[in-house]
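Novice: Okay, here's what each chain looks like letter by letter:
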Amino acid sequence: MKSLEELKAIRDKMQGQVGLRAESEASTRVVVGMATCGIASGARPVLTALADAVAEKKIPDCSVTQTGCIGLCQYEPIVEVIQPGKEKVTYIKMTPEKALEVVDKHLIGGHVVTEYTIGNQLK
Amino acid sequence: MYRSHVLVCGGTGCTSSGSQAIIDTFEAEIEKNGLKDEVAVVRTGCHGLCALGPIVLIYPEGSFYSMVKKEDVAEIVSEHLLKGRVVTRLLYQETVKEEEVIPLVETGFYKKQKRVALRNCGVINPENIDEYIAVDGYQALAKVLTEMTPEQVIDTLLAAGLRGRGGAGFPTGQKWKLARTLVPDADQKYVCCNADEGDPGAFMDRSVLEGDPHVVLEAMAIAGYTIGANQGYIYVRAEYPIAIQRLQIAINQAREYGLLGKDIFGTGFDFDIDLRFGAGAFVCGEETALMTSIEGNRGEPRPRPPFPAVKGLFAKPTVLNNVETYANIPRIILNGAEWFASMGTEKSKGTKVFALGGKINNTGLVEVPMGTTLREVIEDIGGGIPNGKKFKAAQTGGPSGGCIPAEHFDIPIDYDNLLSIGSMMGSGGLIVMDEDNCMVDIAKFFLEFTVDESCGKCTPCRIGTKRMYEMLDKITKGKATLEDLDKLEELCYYIKANSLCGLGQTAPNPVLSTLRYFKDEYVAHVVEKRCPAGVCKDLLSFSIDKEKCIGCGMCARQCPASAISKTDYIAPGKKLPAMAIDSSKCVKCGACMSTCKFSAISKK
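Going line by line, the protein sequences match chains L and E. Take the first sequence: its letter number 57 is residue 57 in the working numbering, and every next letter is one higher. Whatever position you read off the second sequence (first residue = 1), add 1000 for the working numbering.
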């Protein structure tokens, strides 16, 4: 390393990784149902797509975690977005492509992708 | 990118309870479940809760698994990592409240802690410089080299009020200032790190070196810039193999990145660090002996002055600080002096790491703001004393320190308060004692240690500590007189006043402080020939209550000295004759007492 810029570049690159270990409560939580039903219907690629996108796009205070069975096995893979002061948004029958859309529009843009939500899909 | 991190503690405590096997099993199971690209396994430094090791922390959930066994790993991987169901059964039970999992920072052990020196321990991978950089590592060095003058660094440390964490509490800023200014035309100066942690029961320096080695390198480079030195030495004891290994890796990585070596950050500042190993002599923790040892000579102290700031290593001006002191410095530079000074008491700023040991539930490493009371440390963080026993005293400062009795349980811990009650901060070992500990025996234990470790250079220490030990031995054997107690005290003051270095000057402290607070125990040994705690074997006698004894004979079978035999007395309501102990044959091992199911055997 020859310069401060290089030090900063390493820090920025690594921060997303180590930041995962922060004890502070992330304000946005993205939860993927990863019980047997979820995994069988393809929750794993959804989870990795979400985790990668959140890290790559450096979305602040956002954690991607998994949870057990949400209870709506026929609609898996299910992704829930929980933000303080807002109603929980439940996306169903997700794919990695849809997940990226949610990252861009919902997590970054702040607009719920209504067409994938449970309320809309069940109409 | 990994979506989940499995942090396995690789400190000495958890390593001895088998954490390497846990890491291997995790890696194998993760591979088997096809999670290799999603889950990272990281070996970290100490988390502090050594009593419950091996410890595994899984992020982003922050699940804290304690006392993990190899057999549990498959379940954690398939349940937690694969299916997202935390294995509540295996969690540290303090984090489970009414079926709900609460964050670790809310538990009794962590709630009152404030981690500054230990902030990265258990969080980053100590063998990966990139992870240290991610948590602002080497930013303080960059700031110092590019934005600050040496005087500003000194002023910051002075304003922060940082005092040496090795025990004596000398202001660090002042030390650096002296080394910078006293010999203005020195051709060479040195920066040294004292990692020769010798107090029995203290292991905070080891944990910092194992968990966050780069912080010490960074702080030493800052010291080098401040005083004008280009070479540093870390004097670390050879008994710390993990610490040595990680330090060496850290030094190599820092050199590779150009964070050590020539022209750091293109500022023209050169600084390099080498390791020197100590052979484990306690006296080498004393600064002049330590430097003599680095020079390649026998580790013996020399008189001061001249102080190291004038004539230190290789007779050049030298700054020598303790590991924990260094671990605070980069944070002070980055967060500012006011931030640091906002913690602690009027004259002792910041935090202090304590190694809790002895009769306490949560054996381990804790870091609390200065001024936290002993009660908070022992009861709230340490989880109290096992088996419902009563607190008797806490020993701080190791063989140089003294005892804090129950009457001072609410004293805020800082340098000056501890000195005022006859103890000292020391490096931060805190050994808790309960009613089963004999204070004379404790004093004897520490004296035995100092007799062993005295280097022999000066007479008061070499002969004096030996004589003190003999007197204590006489007391514990019931052969001493009250006159001996007075002589013992007189000898204490003589050794304190006349010894060459800190080892001898502080060696009588354990005796003086126990004499001060537990004189009654000494008197009981001398006058009544009795050990109130029931520890000193020569003063013990075991006896069988013939009214309670049912004559089962279990005790006689356990007795290694065949000292127990039948009598011809049968207690009312019992069928067999009672047993009795022949005190002339008894070796006082206590085996009979722990065998008897009818509490018929007692010791006095």
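It is possible that part of the hints are untrue.
Between beta-carbon pairs, the in silico distance windows are [what the hints assert, rightly or not]:
#, chain 1, residue 1, chain 2, residue 2, range
1, L, 82, E, 1020, 36 to 44 angstroms
2, E, 1241, L, 60, 35 to 43 angstroms
3, E, 1037, L, 60, 21 to 29 angstroms
4, L, 82, E, 1263, 17 to 25 angstroms
5, L, 6, E, 1270, 14 to 22 angstroms
Calculated Cβ distances over 12 angstroms to all of chain E for the following chain L residues [claimed, not checked]:
#, residue
6, 29
7, 85
8, 88
Calculated directly from the structure, the hints in this document are not laboratory data. For clarity, every value in this text was computed on a predicted model and none was experimentally measured. Note that beta-carbon positions come from the ideal geometry of N, C-alpha and C, so glycine has one too.
Novice: Now tell me if each hint is right for this structure.
Specialist: To see whether the hints hold, each was checked on the structure:
At roughly 38 angstroms, the beta-carbon separation of residue 82 (chain L) and residue 1020 (chain E) lies within the given 36 to 44 angstroms, and the hint holds. The hinted window of 35 to 43 angstroms between residue 1241 (chain E) and residue 60 (chain L) holds, with their beta carbons roughly 41 angstroms apart. Evaluation of the 21 to 29 angstroms hint for residue 1037 (chain E) and residue 60 (chain L) yields a pass: the beta carbon distance comes to about 25 angstroms. Remark: the range hint 17 to 25 angstroms for residue 82 (chain L) to residue 1263 (chain E) is contradicted by a beta-carbon distance near 50 angstroms.
The hinted window of 14 to 22 angstroms between residue 6 (chain L) and residue 1270 (chain E) holds, with their beta carbons roughly 19 angstroms apart. Not every CB of chain E is more than 12 angstroms from the CB of residue 29 (chain L) (nearest about 9 angstroms), against its label as outside the interface. Taking the minimum C-beta to C-beta distance to chain E, about 20 angstroms, the non-interface status of residue 85 (chain L) holds against the 12 angstroms cut. At roughly 17 angstroms from the closest C-beta of chain E, the C-beta of residue 88 (chain L) stays outside 12 angstroms, upholding its exclusion from the interface.
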